[in-house]
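Following the numbering used here from start to finish, the sequence shown increments by one per residue and tops out at 832.
Treat the hints with care, since some could be wrong.
[To be verified] DSSO-like mimics (lysine-lysine), calculated; alpha carbons at most 27 Å apart, straight line: (1) K777 to K811; (2) K741 to K656; (3) K791 to K807; (4) K741 to K622; (5) K791 to K752; (6) K759 to K777; (7) K791 to K811; (8) K741 to K752; (9) K777 to K807; (10) K656 to K704; (11) K799 to K811; (12) K777 to K791; (13) K752 to K777; (14) K741 to K687; (15) K791 to K704; (16) K704 to K687; (17) K622 to K612; (18) K622 to K687.
[Said to hold, decoys possible] Label pairs and their calculated CB-CB ranges: (19) K656 to N538: 19 to 25 Å; (20) K687 to E827: 40 to 46 Å; (21) K807 to V636: 16 to 22 Å; (22) N582 to E640: 15 to 21 Å; (23) T583 to L812: 37 to 43 Å; (24) K807 to K741: 17 to 23 Å; (25) V636 to E827: 25 to 31 Å; (26) I577 to R683: 41 to 47 Å; (27) S606 to E827: 33 to 39 Å; (28) K687 to T583: 38 to 44 Å; (29) Y644 to K741: 31 to 37 Å; (30) N538 to G703: 15 to 21 Å.
By construction, these hints were calculated from the structure, which means they are not laboratory data. Small disclaimer: the values here were computed from a predicted structure and weren't measured. From the three backbone atoms N, C-alpha and C, an ideal C-beta is built for every residue, glycine too.
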Amino acid sequence: MTNCILPTSILSTNHEGNMPSFYILDVGHGNCAVLIDREGVVVIDAGPNTVLLDFLIEHHINTVDILLLSHSDADHIAGAIGLLISEEIVVKQVYVNSDSTKNSQLWNDLVYMLSVAHQENRLYFEPSLTPHLNGKLDQGDIGIEILAPNQYIAARGPGSQDRQGRKLSSNSISAVIRLSYHGKSFALLPGDLDLVGLENLLEDHADIQTWLTVYPHHGGKPGTGNVKAFTKRFCEAVKPERVIFSIGDNAIRFPSKEILETVEESLDNIKMLSTRSSKMLEQHIEKTGSKLHQNAVGHIHLIFESEQVIIM
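Hey, can you work out the whole structure from these sequences and the hints?
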């Protein structure tokens with residue numbers, strides 16, 4: 521489906537012409553991705569620290585047309601407040617599912633800021649991020665599809681149960697976002713999806729295969745579910761060729777040994793990459809002797825040529 525060029529350095533900062541460009545940012549222990557397309561810029565999750573803001577300023581981007589926040593955890597939303605109060609960046613639209621179980625000051629402050637900004641017509645804020653938005657988020661050549669949660673799960677919300685009696689957590693309603701180019705899926709961003717969320721996702725979508733995925737939970741435990749079972753189920757459903765672990769500095773526990781081994785067992789010729797140095801991935805590379813995997817690659821940049829997706 522795609523071509524891939526994978527040199528030692530995966531940091532590229534040039535966006536030329538009208539071709540789209542997609543970045544998975546190294547924000548430490550968190551998630552953040554930026555899509556630069558012909559008609560606008562979309563940010564998916566806003567992890568901790570000022571990496572996102574610095575990136576946008578460095579790339580002379582002064583408008584974020586759409587900000588999608590997968591769920592209420594701090595490592596996915598912390599950078600949003602800096603974006604909103606910045607005098608150099610204008611944010612036009614923000615979408616995130618409500619979460620009455622999240623009692624953090626950060627979440628409370630963010631939702632309040634968004635509500636006030638919406639009332640003052642400074643941006644559009646919708647406390648919903650479900651498939652009802654599909655077809656309304658695209659900013660050019662890249663298709664943006666919300667696969668989960670469906671409207672029923674989002675309306676039920678964390679703390680409730682789904683139709684099968686499974687308890688829903690904040691992670692269960694994590695937005696799962698799929699990106700496509702010329703009708704072909706190339707990336708899946710599942711936030712912190714857990715086993716309950718995954719089961720509901722697969723009940724709605726028989727095919728969620730894609731070329732690249734950011735692994736949920738940074739390669740850590742998926743809530744209360746069985747780690748190996750979740751990893752195997754996720755890998756068999758997505759069938760990626762690239763798995764990205766977005767982790768913090770000198771990560772000792774991320775990604776976990778069990779997840780690395782299960783990913784390797786579940787997928788042929790899989791290439792695993794970590795944004796920052798992972799002791800566990802380093803040991804896995806030494807143990808397997810694999811030359812496919814890469815440790816501490818920093819920002820990951822995908823460009824699009826003709827019908828190909830290329831990692832720069």
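Quiz item: Which numbered hints does this structure break?
Solution: 2, 16, 21, 25
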